[in-house]
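Residue numbers (the working numbering), protein chains in the order written: chain A, 1 to 536; chain B, 537 to 729.
Hints listed in this document are in silico derivations from the structure and should not be mistaken for laboratory results.
Glycine included, each C-beta is placed from N, C-alpha and C at the ideal position.
Accuracy of the hints is not assured; some may be wrong.
Label pairs and their computed distance ranges (CB to CB) [stated by the list, open to error]:
no., chain 1, residue 1, chain 2, residue 2, range
1, B, Val-687, A, Ser-457, 31 to 39 Å
2, B, Trp-593, A, Gly-142, 52 to 60 Å
3, A, Asp-20, B, Val-596, 40 to 48 Å
4, A, Lys-417, B, Glu-684, 16 to 24 Å
5, A, Asp-382, B, Gln-589, 43 to 51 Å
6, A, Pro-231, B, Val-687, 36 to 44 Å
7, B, Arg-682, A, Asp-382, 33 to 41 Å
8, B, Ala-695, A, Glu-267, 41 to 49 Å
9, B, Gln-696, A, Ala-533, 31 to 39 Å
10, B, Glu-653, A, Asp-202, 35 to 43 Å
11, B, Glu-570, A, Gly-142, 16 to 24 Å
12, A, Pro-381, B, Asp-680, 42 to 50 Å
13, A, Pro-381, B, Gln-589, 14 to 22 Å
14, B, Ser-571, A, Glu-144, 40 to 48 Å
These are the residues of each chain, in order.
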Amino acid sequence: MTSAPENGTPGKSVTSQSIDQDEDAVVIIGSGAGGGTLAYELTAKGIPVVVLEAGPYLTHDDYVNNEWESFNQMAWLDPRTTSGSWRVARDFPNLPAWIVKAVGGTTTHWSGATPRFKEHEFKTRSVYGRVDDANLLDWPIGLEDLAPYYDRAEKAMGSTHVHGRPPLPANNNYKVFANGAERAGYKFYATGPYATNAEEYDGRPASIQDGFNFQGDKNRSKWSILVREMPRAEATGLLDLRPDSQAVQITHDAEGRADAVLYLDKEGNLHRQAAKVVCVAANSIETPRLLLLSATPRFPDGLANSSGQVGRNYMRHLTGTVWGHFDKPVRMYRGETMAGLIGDESLHDPDRGFAGGYYLETISLGPAFMAAFVEPGAWGPDFTKLLDAYTNSAGMWIVGEDMPQESNRVTLNTTVKDVNGLPVPNVHYDDHPNDVAMREHAYTAGEKVYGAVGAQSTHRTPPYPSTHNLGTARMSERREDGVVDRWGRAHDVRNLFVSDGSAFTSGAAANPTLTIVALAIRQADYIAEELKAQRI
Amino acid sequence: MVFPAKYPSLNATEMTEEARQTLIRVLRVAFPHESVPDGPYERTADTILTEAQNETWFRVALTQGLLSLNQMADGDFRTLDDESALKVLRRVEGTEFFGFVRRTAVLNLYDDADVWEALGYEGPSFEHGGYINRGFNDLDWLPDPRVEFPVGETMPEMAQGAAGVPRPVAEGHTTDSTNQPGATSSDMEEVKK
Ligand SMILES: Cc1cc2nc3c(=O)[nH]c(=O)nc-3n(C[C@H](O)[C@H](O)[C@H](O)COP(=O)(O)OP(=O)(O)OC[C@H]3O[C@@H](n4cnc5c(N)ncnc54)[C@H](O)[C@@H]3O)c2cc1C
Numbered sequence: 001m002t003s004a005p006e007n008g009t010p011g012k013s014v015t016s017q018s019i020d021q022d023e024d025a026v027v028i029i030g031s032g033a034g035g036g037t038l039a040y041e042l043t044a045k046g047i048p049v050v051v052l053e054a055g056p057y058l059t060h061d062d063y064v065n066n067e068w069e070s071f072n073q074m075a076w077l078d079p080r081t082t083s084g085s086w087r088v089a090r091d092f093p094n095l096p097a098w099i100v101k102a103v104g105g106t107t108t109h110w111s112g113a114t115p116r117f118k119e120h121e122f123k124t125r126s127v128y129g130r131v132d133d134a135n136l137l138d139w140p141i142g143l144e145d146l147a148p149y150y151d152r153a154e155k156a157m158g159s160t161h162v163h164g165r166p167p168l169p170a171n172n173n174y175k176v177f178a179n180g181a182e183r184a185g186y187k188f189y190a191t192g193p194y195a196t197n198a199e200e201y202d203g204r205p206a207s208i209q210d211g212f213n214f215q216g217d218k219n220r221s222k223w224s225i226l227v228r229e230m231p232r233a234e235a236t237g238l239l240d241l242r243p244d245s246q247a248v249q250i251t252h253d254a255e256g257r258a259d260a261v262l263y264l265d266k267e268g269n270l271h272r273q274a275a276k277v278v279c280v281a282a283n284s285i286e287t288p289r290l291l292l293l294s295a296t297p298r299f300p301d302g303l304a305n306s307s308g309q310v311g312r313n314y315m316r317h318l319t320g321t322v323w324g325h326f327d328k329p330v331r332m333y334r335g336e337t338m339a340g341l342i343g344d345e346s347l348h349d350p351d352r353g354f355a356g357g358y359y360l361e362t363i364s365l366g367p368a369f370m371a372a373f374v375e376p377g378a379w380g381p382d383f384t385k386l387l388d389a390y391t392n393s394a395g396m397w398i399v400g401e402d403m404p405q406e407s408n409r410v411t412l413n414t415t416v417k418d419v420n421g422l423p424v425p426n427v428h429y430d431d432h433p434n435d436v437a438m439r440e441h442a443y444t445a446g447e448k449v450y451g452a453v454g455a456q457s458t459h460r461t462p463p464y465p466s467t468h469n470l471g472t473a474r475m476s477e478r479r480e481d482g483v484v485d486r487w488g489r490a491h492d493v494r495n496l497f498v499s500d501g502s503a504f505t506s507g508a509a510a511n512p513t514l515t516i517v518a519l520a521i522r523q524a525d526y527i528a529e530e531l532k533a534q535r536i
Numbered sequence: 537m538v539f540p541a542k543y544p545s546l547n548a549t550e551m552t553e554e555a556r557q558t559l560i561r562v563l564r565v566a567f568p569h570e571s572v573p574d575g576p577y578e579r580t581a582d583t584i585l586t587e588a589q590n591e592t593w594f595r596v597a598l599t600q601g602l603l604s605l606n607q608m609a610d611g612d613f614r615t616l617d618d619e620s621a622l623k624v625l626r627r628v629e630g631t632e633f634f635g636f637v638r639r640t641a642v643l644n645l646y647d648d649a650d651v652w653e654a655l656g657y658e659g660p661s662f663e664h665g666g667y668i669n670r671g672f673n674d675l676d677w678l679p680d681p682r683v684e685f686p687v688g689e690t691m692p693e694m695a696q697g698a699a700g701v702p703r704p705v706a707e708g709h710t711t712d713s714t715n716q717p718g719a720t721s722s723d724m725e726e727v728k729k
C-alpha cells in the first residue's frame, strides 16, 4: 500500500482481506514493533490475522519535517497521568511517554539503534545478586534462545555493521562524539548498529542524511513496520488491518479462554471481533491498561493477573542527555540522528557503584524540541544561552538499564477519563538508587567525552518522556513471578499472548526494539506450531 | 465595559494594544536572543493572546498579570531596563500568569523559521535532498574518526571483579521468591560488624 485509504468503513478492514467479525480469528492488538512483526510473520506462514490499531494509517507522504507538527500528527496524546518522584512527573505530568498512535506504532518515530542484549542481561537476579527494593528476576530464556532470532531481526531491519551491511558514514555530531570518545580513553565506538541503510538494501534506498528520522523518515531508508512488515503482510492477502480501532476489552468464555476483543472505531461505535488467539502489543502502558480493563469476576484483578504483576516493574531506561558547546560549528542536526554509539560503559562492573551498564549514543534535536526539553521549566538568559549555542552544540543520549521495581507501576486512574469514558492509565515511577548512581556516572562520562575535544561548557538534560517502555507484563519461569511464559503466553490464559516490550523481564542497557522484534519473530514460530498442532 | 468600576484597570478583561506591547517586552526579557528580530516575539505574543482569548481563566490571568507588572514597575513595565525588568519577572515566576506565558512561548517562539535562522538551524531538509550532499559531514576541526568497532576486539561484557556466573546457592535454600528475594545468592550484602 503506498497511500492510506481515505474512506474505509469505521472499524473495518482497509486492506483487501476482510475477516468476519464472528469468525474466531487471530487478533493482534497494536501494529508497532511487536504487533507489526507478528502480523507479518504469521501471514507469511499462511495464517490470516486481524490487526486492531488505535491510530490512523499515515504514510511517508504525510510525514513532515517539523518537530511539533510531526509530534501532533503521530504521538499518543490521549490523557495520561503520572506520579512518583521521577522528574518526568514534574516536567510533563500528562505526557509520561513519547510513543506513537498510528499504523506502524513507535517504529515510525524511532531512530534506529539496534544493540543486542548481552548474555548476563538475561540473568540479572543471579548475576547482580540481591539489590534492595529491586524486583530482579532471571528471564526464562537466555541469549542462546534468542541468538538465531536476533540474526533474523537484524536482517529484517537491515542493521548496519552486521550481516555484511556497511556502516553509515560519520556525520558532524558523530565526529565530535567519536573523537571525544577516543581521547577520553574509550575504544568501542562506531556509527551503529543502526537500522537505517547506508546503501540500498531490501528495496529501501540509502539514507540521504536529512536529519528527520524522529519525524518518520520520508525517504524510507529507515526500517519501520510501515516500510517493511505492513506492505508485505498485506501482499500475502491475509492481513485484515483496521486502523482507528482501539481495543477496550478482551473477553473470555466459561473456561477462561479469551474469546473476543471489543474495540471502538473512530466514531465511538463498539465492535466485537471473535478470537481464537489474542496477541497484545499495545506498548507497555496500554498493554497492562487493557488487561486491567478486562477484569471480570473470574479475573478480578485484571486478565492474566493472578500474580499481581500486571502493570508492575515498569521500566523506561534511566536516560539523560549531555550537550557539549564548542567554539566552532558542529551542526549536529545534519544527518542520521542516532548513528553513533559508545559501548565501553555497557558492561556490568559493580566497582563503578551500580549494577548493570549503559550506552552513550548521539542525539540531536531541532530548536523547537531543544527549547521544550533542554531544561524544562527554565527561562531567562541562562536558558537562552543554551539555544544561542545551537550551531556549536553536540549531543549525546544516555541509555542504561534501570531496575525493575514492583512499585513502578501502571494502574487505572478512575478519577480521570479519556474521551471514551475509560479510566486513563497512571504511570508511577521512582528512580532506584542504582538508577541515580548510574545516571550520575553517565553524565560525568559524557562530560568527559566532550571535555576531551575542547567543549567550553556542557549541559545535563533530565530524562525526556519515556521512549522505551518495558516490563509491565513480564516473562517468568514460574507463574507467581510474572505474567507470561518463555513464549510470551499468559500463564493464566492459554490463548492470550503479550507481544511487545511489556514482556521484558529486565531492561538491559540496549535500546529495546531489536529484542522486541526478535521475540515477536520467535513467538510467531511458536504460535504457528501450536495452531498447527491444534494446541490453541 | 458593563459595570462602571471603581478601579477600571482591575476590571479590564480585554487586551489593549498597550497590553500587547507589554507582553512583547516580557517575551524579550524572558527569552533574550540578540540575533532574533522582533517578528517572532510579536507572533508569539499574538499566539498567547489568541490562546488566552479561548480560555476565560487564562485571559483573566494574563490581563491581571500584565497590569500587575506595571504596578511592580511603579508605572510602565516597558520603560524598565533589561536588568530591572528581569528582576520583576523573577518575582512573578511562580504565578499562573507567568507559567502560561512561559509554556506557550517555549512551544511557539522556537517553532518559527526566523528564530531557526537566527540560531543557525536550517529547517526542513527532505525537499532539498537532505544533507548527503550539503554538508552532513563538513565539520573540519577534528580528524575523521573510524566508524567501525576496533578490529579483532570484543566489547567487554563483565568487569573482572564481577561474578560472571550465578553464585552457588547455599545448600537447603529454597529458590528466592522474586518479590522478597533472599540474600543467599547475593554479592551485595550489607556488611555489619
Ligand atoms: C523518538 C524515539 C526514538 C526511538 N529510538 C529508538 C532506537 O534508536 N532504538 C530502539 O531500540 N528503540 C527506539 N525507540 C523505541 C521504539 O520505538 C519502541 O521500543 C518500539 O516501537 C516499541 O514497540 P511496541 O511494539 O512495544 O510498541 P509500539 O511500537 O509503540 O506500538 C504499539 C501500537 O499499539 C497501538 N495501541 C495501543 N493501545 C491500543 C489499543 N488499545 N488498541 C489498539 N491499538 C493500540 C499504538 O497506537 C501503537 O501503534 C524510540 C522511540 C522514540 C519515540
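Going through the hints against the structure:
1. Range check, B:Val-687 to A:Ser-457: about 36 Å between beta-carbon atoms, so the 31 to 39 Å window is met.
2. About 57 Å separates the C-beta atoms of B:Trp-593 and A:Gly-142, a value consistent with the hinted range of 52 to 60 Å.
3. Evaluation of the 40 to 48 Å hint for A:Asp-20 and B:Val-596 yields a failure: the beta carbon distance comes to about 56 Å.
4. Remark: the range hint 16 to 24 Å for A:Lys-417 to B:Glu-684 is contradicted by a beta-carbon distance near 52 Å.
5. Take A:Asp-382 and B:Gln-589: their Cβ atoms lie about 32 Å apart, and the range 43 to 51 Å is violated.
6. A hinted range of 36 to 44 Å for the beta carbons of A:Pro-231 and B:Val-687 is consistent with their spacing of about 38 Å.
7. At about 37 Å, the CB distance of B:Arg-682 to A:Asp-382 agrees with the hint of 33 to 41 Å.
8. One distance hint, 41 to 49 Å for the beta-carbon pair B:Ala-695 and A:Glu-267, is violated here, with the actual separation near 57 Å.
9. Separation of B:Gln-696 from A:Ala-533 is about 47 Å and departs from the stated range, judged on CB atoms against 31 to 39 Å.
10. B:Glu-653 and A:Asp-202 have their C-beta atoms about 38 Å apart, which keeps the hinted 35 to 43 Å range intact.
11. Separated by about 58 Å at the C-beta atoms, B:Glu-570 and A:Gly-142 break the suggested range of 16 to 24 Å.
12. Checked against the hint of 42 to 50 Å, the pair A:Pro-381 and B:Asp-680 fails, with Cβ atoms roughly 37 Å apart.
13. Checking the proposed 14 to 22 Å range against A:Pro-381 and B:Gln-589 shows it is violated: the Cβ atoms sit about 30 Å from each other.
14. The hinted window of 40 to 48 Å between B:Ser-571 and A:Glu-144 is violated, with their beta carbons roughly 57 Å apart.
Going through the hint list in order, the structure does not satisfy hints 3, 4, 5, 8, 9, 11, 12, 13, 14.
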